[in-house]
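Student: Residue-level listing of the chains:
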Amino acid sequence: MISRESGVFQTSYEGDMALYTLPLARNTTRVVVALLVLLPIPLMMANNEHLMSIVTTIALAAIGAIGLNILVGYTGQISIGQGAFMMVGGYTAAILSSRYGMPFWFGILAGGCTTALVGTLFGIPSLRIKGLYLAIATLAAQLIIEWVINHVPWISGGAQSSIYVDNPELFGFEFNTEFRRYYLVLVVFLLAFFGAQNLVRGRIGRAFIAIRDRDIAAEIIGVNLFRYKLLAFAISSFYAGVAGALWTYYLRIANYENFVLVVSIEYLAMIIIGGLGSVLGAVFGAIFIKLFPIALDLTVVSVSEGVFGIPYQDVANFLANMQLFLFGALIIFFLTVEPEGLARMWEHVKRYFRLWPYSY
Amino acid sequence: MQSRCATKWLGALGVLVVLLGTGGLLSADEIVVGGQCDRTGPTKFIGTLLCPGANDYIKLINKKGGINGHTVRYIEVEHAYKVDRGVEAYERIKRAGGVATVDYGTPIVYALTPRHMEDKIPGLTPGFGRADAADGERFPYIFPVAASYWSQAGAAMQFIKDQGAAAGAKVAYIYYDNPAGREPLPIFRRICEQEGYSCREFAVPPPGIEMAAAVLDITRRMRAEWVVSHLFGKAPAISIREFRKNGFPLNKVVSLVWGAGEMDMIAAGWKNAQGYLGMQFAGVGRDFPVIRDIVSMYEEDGQEVPDMVGQVYYNRGVFTAAIIVEGLRLAVENFGLPVTGEKVKMGYERITDFTLGGFLPPLSVTAQDHEGGGWVRIYETQGEDLVPHTEWFQGYRDVVLDEVRKAGLQE
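Just so you know, the protein sequences line up as chains A and B, in that order.
Residue 1432 is where the first sequence ends in my numbering, and the numbering goes up by one at each step.
Residue 470 is where the second sequence ends in my numbering, and the numbering goes up by one at each step.
Same shape as in the complex, but just chain A (with noise of 0.2 Å):
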C-alpha cells in the first residue's frame, strides 16, 4: 500500500522537521538519488560518453539554475549576472589549481566564496533599487567582471583568456573519464539541491520569501532587509560560483567565453520556465532548456532521414532555423498553459495522483 498523508502521524519533532514528511516522497527522492547515482552502469556498458556528456551538462546548469532561483525566485531581486558570477567561479578555480597546486574541492569551495564576496558587493545596489532597474544593475556586473577578467592578465593568463587545468584528483583517484566526472558533478548537485530545499524552508528561506512577496512588510516584522538582500547575493552567488568552477574542471579550461551575457539570459528562461520560487522547478528548467535543443536537433534529424528520406545536408539551414522555432514554441506552449513553471505542472500531476482512483 503506497502511503498517504492519512494516517501518517509524526510523533517525534525529528519526524516533524524532516525534509520530507511522507514515506511516498521519502521513497521517491531515494529511488531518484539511487537511478542518477546508477545512471553511468548503463551507460558505461554501452559505452555511451555522449549521453553521460548531456546528463553531466544539465546538472551542472541545474547547479546554476538552483543558484540563481534562490535569488530571484525565492528573494525576488532580478540578477542577469549570473553568467559573469560564474565566470569569477570560474577562473578563481583554474588560477588556484593550475598556479598553486590547489586540489580541485578546494578550488570548488574558494571559487564559491570568492564568488560569494563579489556578488554581495554586486548586491549593495538592490538595497536602494528593485525590479527592473535592478537588473539593469547586475548587467553591469556581467560588463565590469567581462571586462576586468579580459583585460586583467594576471586573471586570464594572456590575451587568450583560458586557462587549462589538469584532471581533478582525490586520493590519488583521477577524474579522467566521462563517467567519473559525472559523480563529480552528482555529488556536488545533490549537495546543492538538498541544501537549498533545506534552505528555503528555515528561518533564511522564510525571510527570503517575505521579501520578495512585500519588502516593506518584510521590514515590520522583523526582516533585516539589509542582511538578508545581501545573503541571498551572497547565497546565490556561492552557487553559481560552485557550478563555474565544476564547469573548469568539467572542460578543464577556464575560459569566459562559456558564460557571456546570453548565457545569464539562459539561466533566467531556465527558472522562469522551471518555476520561480521552486528549487526542482529550477532542475525541471535546466533540463528542459539544455536537454530540448540537442533533443530536437537528434529528433529533426532522424525525422527528416527516417520518415521523408531527405538527407539532412539538402536540408540543413531549414531544419536548423526549424529547430529555433520549434524551441521558442514549445517555451510559448509550456508558458501558456502553466504559467507558474514546469514545477506547478508537477505540483498538478501530483495532485491528480493524490485522490486517485477516487478522484471525485
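Honestly, the hints are just simulated from the structure, not real lab data.
Beta carbons are placed, not taken as given, at the ideal position from N, Cα and C, and that holds for glycine.
Some hints here could point you the wrong way.
Short, incomplete list of chain B residues facing chain A, as computed with Cβ under 8 Å [stated by the list, open to error]:
{"hint": "1", "residue": "C110"}
{"hint": "2", "residue": "G124"}
{"hint": "3", "residue": "D143"}
{"hint": "4", "residue": "V146"}
{"hint": "5", "residue": "E150"}
{"hint": "6", "residue": "R241"}
Assemble chain B onto chain A, guided by the hints.
Tutor: Only chain B this time, still in chain A's reference frame:
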C-alpha cells in the same frame, strides 16, 4: 484538466529522452568523420557557406569512389556557437564512430582540446583556437593546418614590409577585443620593435559595431600608413565603411582571414570596398580543378550551381574537407584498416606539398608543425571580385616559431 495535459506532455518528454539513446550504427567499409557547424548562431553567415563546402567535397570524393574504395560519411552537427552544444556535438560524432573531427569556433576549440588528447581523435581547427597549438608535440591531436593568427599577423607584417614600409613607418593594428582578436598582439609588437615601426593598437569592443572614434584616430591623429585589421562578424564591413568615410586608401588596409569574405564586401557595398586587401588560407573563386569538379558534379545531377560555390567561406569548407580526406587517404594507405584516430593523426602528419591544383598553398604538416607552414595569400577587392594580389607566402617564420617555442616553455 490541466493535470491530465501535463501528464501527457511529461510522457512526450520521456519519448524524446528515449530517442536520445539511439546512437549511430557503424558499417564496415565506411569511414566516419564529423564536423561542427554554426548555421543559426552569431557566425551563421560563415557557417551557411562553409558547411556546404565541406559536404560537397565529401560528396565529390564519394562519387569518385571514396578513399581507396571506402565511402566517407560526414556527420554535420549544429551547435549554434555554444560551448556546451559544441561538447555535445563532439561526443555525438565520437559516439557515431568518428575518427576525425572539424571543430568550429575558438571557445569550442579551447573546450575540446583536452578531450581530443584524451580520446586520441584528431581535431581539425582551421583558423580557430590558440596559435601555439601549431606545436604538434604539445598538442598532438590538434591540427590548425591553416595559418594561425600568429602566422597571419606575421604574414601581414611581411606584406607591409614587401610593399616598402621602412623604419619609422606608422602601422595601426585594429582588433576585436576578445581572445581571438588579441592573440596576434605579441607577434605584432615584436615585429614592430624589430623593424622600428611606430605602431599603435586600437581595440574595438564587442559587438564591434562602434569604431568611428578608433578609425578617426587612426586616419587623422595617428595618420597611419598601414593598417592591419583583425575583426569578426559585422565589424569588418563597418570598418571598411569607416575607413572609406575618412578617405583612407583601402589598399593600405590588410585584413586577417575572418574579415575578408564576400559577405563583408556586400555589407559594406562593393563600391566602397574597392582595393581592400584580405588574407586567405584557401583559394578564392571557381578557377581551380577541385571547384570545377564540384560545379560539374552539380551539373551532372541536373542541379543549378549555387552562387556560393567558389566564394571565400565555401572554399574554406572545401579546404577543411580536403585536408580530412587527404589525412584519411594517407592513414588508409600507410596503416590500413580499420581507421582509428591515431592513424588519422599520423596520416595528417604525412601530408607533404599538398596543393590540390593551386587551390591550397604547398602544405606540409609534420609531427612538430601542425600548422602546415602558415601560408597565406592576399586578395584584393576589384569590381565585384576578389583578385589575387600576391602569391602564397609566409612571413616572419622565425618570430612566429620562436613565440610557439616560448609558449611551450611557459607551460
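Student: Given G124 of chain B as an interface hint, is its Cβ closer than 8 Å to any Cβ of chain A?
Tutor: Check failed: Cβ of G124 of chain B comes no nearer than 19 Å to chain A, outside 8 Å.
Student: Taking the closest Cβ pair, is E150 of chain B under 8 Å from chain A?
Tutor: Hint holds; E150 of chain B Cβ to chain A Cβ min 4 Å, cut 8 Å.
Student: Restraint: C110 of chain B near chain A, CB-CB cut 8 Å. Satisfied or not?
Tutor: 7 Å, holds
Student: Please verify that hint: D143 of chain B, Cβ, nearest Cβ of chain A, below 8 Å or not.
Tutor: Holds. Min distance 5 Å.
Student: Checking hints one by one. Is V146 of chain B an interface residue toward chain A, by the C-beta closer than 8 Å rule?
Tutor: 6 Å, holds
Student: Against chain A, with CB atoms and a cut of 8 Å, does the hint on R241 of chain B hold up?
Tutor: Cβ of R241 of chain B sits 4 Å from chain A, so the hint holds.
Hint 2 alone, counting from the list given before, is not met by this structure.
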